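Let the hints inform the model, and build the full structure from the sequences given.
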Amino acid sequence: MDELLRAAHEAAKQAQACGADEAKAAVVRSRGVDLEWRDGKLEKVQERTRRALSIELYVDGRYGASSTNDLRPEAVGPFIADAVAMTRLLEPDPHRALPDPARYGGRADVDLDLFDPAVNEVSSEERLALCRDLEVMARDGAGDLPVVSVATGVGDGFSQSARVHTNGFEGAREGSSFSFSAMVTVKDVDGRRPMGWDFTYRRHRADLAPAERIARVAREKAAAQLGAGKLATGKYTIAVDSRAVPRLISAFLAPLSGPSLQQRRSLWEGRLGEKVASELLTIYDDPLLPRGLGSALWDGDGFATRRRPLVEQGVLCTYLIDDYYARKMGVEPTGADTHNFEWTLGTDDLEGLVRDVGCGVLIERFLGGNTNQTTGELSFGCAGRVIRDGKLAEPVAEVNLSGNLATLWGRLVAVGNDPNPDSSAACPSCVFEGMQLSGI
Amino acid sequence: MSDDKSLDATMSGFAARAEGEGALDTSGAAGLAYFGRFGVDEAMLRAAFDRALAHGADWAELYFEHNVSHHLGLEDGAVNRAYASVTLGVGVRVVKGDQQGYAYTEELTRDAVTQAAATAALVANGPSRDAPQAFAVQTLPSRYRMRLPFGDVGVAEKMPILSRINELAFAATPELVKVQVGFADSSGVVLVVESTGRMSFDRQPMARLSVSCTAERGGRRESAGANLAGREGFEFFSDARVGKVTDEAVQRTMFLFDATVAPAGTMPVVLAAGSAGILLHEAIGHGMEADFNRKGTSVYSDKLNQRIAPDDITIVDDGTIEAQRGAINVDDEGVVAQRTVLVENGILRTYMHDRISALHYGVEPTGNGRRESFRHAPLPRMRSTYMEAGSRDPEEIVRSVKRGIYAESFTNGQVMIGAGDFTFYIKTGYLIEDGKKTRPIKDTNIIGNGPDVLTKTDMVGNDFAFDDGGWTCGKDGQSVPVSLGMPTVRVSEITVGGVNES
Numbered sequence: 000m001d002e003l004l005r006a007a008h009e010a011a012k013q014a015q016a017c018g019a020d021e022a023k024a025a026v027v028r029s030r031g032v033d034l035e036w037r038d039g040k041l042e043k044v045q046e047r048t049r050r051a052l053s054i055e056l057y058v059d060g061r062y063g064a065s066s067t068n069d070l071r072p073e074a075v076g077p078f079i080a081d082a083v084a085m086t087r088l089l090e091p092d093p094h095r096a097l098p099d100p101a102r103y104g105g106r107a108d109v110d111l112d113l114f115d116p117a118v119n120e121v122s123s124e125e126r127l128a129l130c131r132d133l134e135v136m137a138r139d140g141a142g143d144l145p146v147v148s149v150a151t152g153v154g155d156g157f158s159q160s161a162r163v164h165t166n167g168f169e170g171a172r173e174g175s176s177f178s179f180s181a182m183v184t185v186k187d188v189d190g191r192r193p194m195g196w197d198f199t200y201r202r203h204r205a206d207l208a209p210a211e212r213i214a215r216v217a218r219e220k221a222a223a224q225l226g227a228g229k230l231a232t233g234k235y236t237i238a239v240d241s242r243a244v245p246r247l248i249s250a251f252l253a254p255l256s257g258p259s260l261q262q263r264r265s266l267w268e269g270r271l272g273e274k275v276a277s278e279l280l281t282i283y284d285d286p287l288l289p290r291g292l293g294s295a296l297w298d299g300d301g302f303a304t305r306r307r308p309l310v311e312q313g314v315l316c317t318y319l320i321d322d323y324y325a326r327k328m329g330v331e332p333t334g335a336d337t338h339n340f341e342w343t344l345g346t347d348d349l350e351g352l353v354r355d356v357g358c359g360v361l362i363e364r365f366l367g368g369n370t371n372q373t374t375g376e377l378s379f380g381c382a383g384r385v386i387r388d389g390k391l392a393e394p395v396a397e398v399n400l401s402g403n404l405a406t407l408w409g410r411l412v413a414v415g416n417d418p419n420p421d422s423s424a425a426c427p428s429c430v431f432e433g434m435q436l437s438g439i
Numbered sequence: 000m001s002d003d004k005s006l007d008a009t010m011s012g013f014a015a016r017a018e019g020e021g022a023l024d025t026s027g028a029a030g031l032a033y034f035g036r037f038g039v040d041e042a043m044l045r046a047a048f049d050r051a052l053a054h055g056a057d058w059a060e061l062y063f064e065h066n067v068s069h070h071l072g073l074e075d076g077a078v079n080r081a082y083a084s085v086t087l088g089v090g091v092r093v094v095k096g097d098q099q100g101y102a103y104t105e106e107l108t109r110d111a112v113t114q115a116a117a118t119a120a121l122v123a124n125g126p127s128r129d130a131p132q133a134f135a136v137q138t139l140p141s142r143y144r145m146r147l148p149f150g151d152v153g154v155a156e157k158m159p160i161l162s163r164i165n166e167l168a169f170a171a172t173p174e175l176v177k178v179q180v181g182f183a184d185s186s187g188v189v190l191v192v193e194s195t196g197r198m199s200f201d202r203q204p205m206a207r208l209s210v211s212c213t214a215e216r217g218g219r220r221e222s223a224g225a226n227l228a229g230r231e232g233f234e235f236f237s238d239a240r241v242g243k244v245t246d247e248a249v250q251r252t253m254f255l256f257d258a259t260v261a262p263a264g265t266m267p268v269v270l271a272a273g274s275a276g277i278l279l280h281e282a283i284g285h286g287m288e289a290d291f292n293r294k295g296t297s298v299y300s301d302k303l304n305q306r307i308a309p310d311d312i313t314i315v316d317d318g319t320i321e322a323q324r325g326a327i328n329v330d331d332e333g334v335v336a337q338r339t340v341l342v343e344n345g346i347l348r349t350y351m352h353d354r355i356s357a358l359h360y361g362v363e364p365t366g367n368g369r370r371e372s373f374r375h376a377p378l379p380r381m382r383s384t385y386m387e388a389g390s391r392d393p394e395e396i397v398r399s400v401k402r403g404i405y406a407e408s409f410t411n412g413q414v415m416i417g418a419g420d421f422t423f424y425i426k427t428g429y430l431i432e433d434g435k436k437t438r439p440i441k442d443t444n445i446i447g448n449g450p451d452v453l454t455k456t457d458m459v460g461n462d463f464a465f466d467d468g469g470w471t472c473g474k475d476g477q478s479v480p481v482s483l484g485m486p487t488v489r490v491s492e493i494t495v496g497g498v499n500e501s
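Line order of the protein sequences matches chains R and V.
Using numbering that gives the first Met the number 0, read the first sequence as starting at 0 and increasing by one per residue.
Using numbering that gives the first Met the number 0, read the second sequence as starting at 0 and increasing by one per residue.
Simulated from the structure, these hints should not be mistaken for laboratory data.
Just so you know, these numbers come straight off a predicted model, no measurement behind them.
Careful, some of the hints might be misleading.
Claimed, not checked - To give an idea of the chain V side of the interface with chain R (calculated C-beta under 8 Å), a few residues:
{"hint": "1", "residue": "GLY100"}
{"hint": "2", "residue": "ASN124"}
{"hint": "3", "residue": "VAL154"}
{"hint": "4", "residue": "SER209"}
{"hint": "5", "residue": "PHE254"}
{"hint": "6", "residue": "ALA418"}
Using N, Cα and C, we set each Cβ at its ideal position, and we do this for glycine too.
Below, the structure is given as structure tokens:
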């Protein structure tokens with residue numbers, strides 16, 4: 000880590016020697032191994048070792064950025080000199096400057112515990128054995144299920160990074176990650192081959208979900224899609240599985256960014272402090288969660304991070320504006336990054352939510368589609384199960400959800416107690432009423 | 000939801016200008032000479048293959064890559080941001096049957112490359128094989144245009160193009176409030192060395208231009224954009240293209256003010272010629288990539304030589320169209336890219352193959368083995384996928400629809416390979432009522448099932464067109480540039496994800 004910091008300082012110094020007034024420099028290094036296994040044998044083993052230098056330059060009121068992975072000493076010098084020369088040719092931008100160093104202060108003095116030394120101890124035999132075991136577990140209990148293929152995957156790795164700004168910011172950090180997954184493909188009578196899959200992804204090896212559960216869920220999700228039919232077009236109450244909710248919440252949050260607002264492409268413009276969603280929606284962003292997948296002591300501008308509300312009882316609490324766009328808009332920067340979400344949860348698990356829905360549709364996955372950030376219109380493909388008499392009934396596919404981001408989140412009527420621990424968004428399952436679904 | 004926000008390394012590039020860039024020199028001497036600057040020589044190749052083949056692999060390959068790319072951005076009237084990026088490295092792949100070992104290094108020293116080879120070789124388990132002692136170069140076709148190589152063009156020459164687009168856009172309508180322009184160029188150089196001793200050396204340029212606009216009318220706001228891309232040098236950015244991409248971006252934006260969301264439900268859909276090729280890409284293209292079929296996980300796995308579409312439908316995946324974004328001289332395994340007829344008069348003729356799947360099926364590889372970069376093992380991927388022209392007059396096709404929609408421009412699509420369900424997103428189009436295009440529509444997703452939609456594609460127009468947009472296809476975490484083409488077609492029924500008045 001010290002070595003990376005030294006390299007970042009050196010690059011920033013070189014940029015200034017080449018004529019940059021100020022500079023940011025970041026150096027990253029990462030390493031990882033991934034195994035892919037299918038139907039009784041190893042399909043692919045891949046080792047990844049990466050490194051890169053990135054610099055941002057402020058030259059005569061102009062701004063440019065460059066990155067390279069060619070770190071030979073004889074290459075880095077000319078790379079930086081070229082980057083400075085390129086920047087000098089651009090048109091000036093009065094809003095480009097390094098952030099106010101006062102905002103670097105107040106960094107939390109906590110150990111985020113993002114690095115698990117076990118990452119250096121995983122053997123190839125262990126990875127291989129886990130791949131094999133996951134397949135066995137997925138096939139065990141398959142009974143008459145028409146399984147055509149079982150694929151499993153195991154990965155682990157770590158990354159280290161160091162960042163330096165010439166007006167006093169300095170930071171270095173490292174983190175590890177571990178994951179494994181199972182995919183089960185089954186053959187339906189009509190020739191469709193639906194796939195069910197599940198995965199777990201954590202900072203620490205010991206926090207990974209049990210392999211049995213991942214294998215079982217993948218198998219059950221595949222089985223649940225057999226015999227999928229179409230849905231009648233209409234308005235429905237929909238429950239959305241926790242694994243599918245990130246699609247809806249990221250679409251909701253995207254128009255809060257500086258570029259969206261400053262470029263007048265945000266439906267949330269002028270809505271700060273107003274009610275923009277159901278009062279059941281409360282999300283805090285917690286950058287300081289120990290072992291959190293998105294945890295960080297500083298953000299992309301180098302600002303010290305802190306826990307803060309994004310939406311509280313449906314009221315929009317903050318925009319996500321970085322230092323540059325804040326200068327452009329003449330407002331205070333609010334920090335562009337989000338880290339780990341902390342939802343105000345309900346009391347029911349998915350089964351309970353489904354029971355309360357009574358009659359409707361459970362959406363288990365989204366497929367494609369898009370949103371219009373300027374107006375909020377959204378249209379996503381989806382698939383899942385019909386809910387009848389408070390229970391899951393037949394599977395449905397080729398369904399489409401349409402509406403508006405504001406309407407959708409305004410019609411949130413229940414939040415589950417089941418946040419997904421394998422994602423920094425930590426979404427619980429959610430229920431929305433009166434949503435347009437298209438089918439036949 | 001977000002990790003460390005770092006410099007945008009995806010768009011950019013710089014430094015180490017390619018010597019003699021522009022001459023499409025495919026001689027191996029040029030290939031080794033090019034990478035020789037980074038320390039690559041025949042002795043390194045031999046040492047790497049020695050290690051790669053040490054444990055009984057069937058074959059191995061080295062993929063050297065050097066890429067220099069740049070991105071310039073205009074925002075609020077000024078070209079005031081530039082991003083450059085350099086990537087350099089080699090990927091070593093070792094193959095035994097359909098098992099692969101893969102490792103890469105960004106350090107082109109003999110030690111690092113042989114270490115990567117040793118790691119990749121662990122996938123095999125057997126007696127060693129002889130490494131190639133001599134290397135010979137194959138002659139490649141020449142499918143890119145590079146009259147003005149980007150290595151010879153400075154930032155100052157590029158900037159006026161962005162400023163011109165900004166002026167043209169604002170001159171087009173007083174209702175415009177914001178314009179962003181992106182200019183991207185990339186000069187990739189690859190050297191593929193196979194364990195047979197065969198080498199392929201290719202310089203792969205890419206030019207891309209994108210424009211996005213926001214306009215305001217009566218307190219409402221709308222945004223849209225357009226982009227163009229091709230494998231060309233700086234000459235790509237002609238006045239005609241600058242005018243076209245600007246017009247498209249402005250017109251699409253203004254169109255949205257008069258448009259509403261489409262109705263919901265199943266109805267006939269007419270797809271306009273050109274970018275509607277996204278239907279093929281999603282509905283059948285991915286399902287015909289041979290890896291999914293080899294594994295039995297595609298909805299097309301048992302359909303070879305069967306009828307999957309009406310008689311007048313012929314679908315091609317083609318790497319040979321000059322200067323197209325999806326064109327390649329050679330794929331990333333050293334196979335010269337071809338024109339591959341996937342569906343001929345409605346019959347499924349072949350899948351798209353890489354070397355591993357071709358060996359599995361006992362056929363020749365089709366030149367579809369592609370990868371995002373040296374950091375990835377190749378996979379069967381599309382190049383330029385299109386449907387050949389049929390015989391119908393496009394106006395007749397619209398007239399044939401009592402009530403449905405006409406889909407004109409698209410932004411994105413997705414597919415689940417096994418189930419066959421796919422979607423694509425319509426940015427602009429029209430309602431069709433009694434055979435006429437009437438109310439403008441926007442922002443509507445379409446969802447269907449691949450094999451089902453193919454059989455329902457019942458009218459094919461005589462107005463074939465390629466789309467020259469900057470399409471990028473993602474699979475297994477790898478992005479590759481692709482192209483699309485399509486005549487006007489009618490799908491007799493498909494689910495339109497609109498909204499019905501309650």
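Identify whether the interface hint at V:SER209 stands, where standing means a beta carbon of chain R within less than 8 Å of its own. At 14 Å from the nearest chain R Cβ, V:SER209 fails the 8 Å test, so the hint is violated.
Should the interface hint for V:VAL154 be scored as holding, given a Cβ-Cβ cut-off of 8 Å against chain R? holds, 4 Å
Can V:PHE254 be said to touch chain R, with a Cβ gap under 8 Å? violated, 13 Å
Using 8 Å as the Cβ threshold, decide whether V:ALA418 counts as touching chain R. holds, 4 Å
Given V:GLY100 as an interface hint, is the shortest Cβ-Cβ distance to chain R below 8 Å? holds, 5 Å
Interface restraint verdict for V:ASN124 against chain R (beta-carbon cut-off 8 Å): Given a least distance of 10 Å, the restraint on V:ASN124 is violated.
The structure is inconsistent with the numbered hints 2, 4, 5, although it conforms to all the rest.
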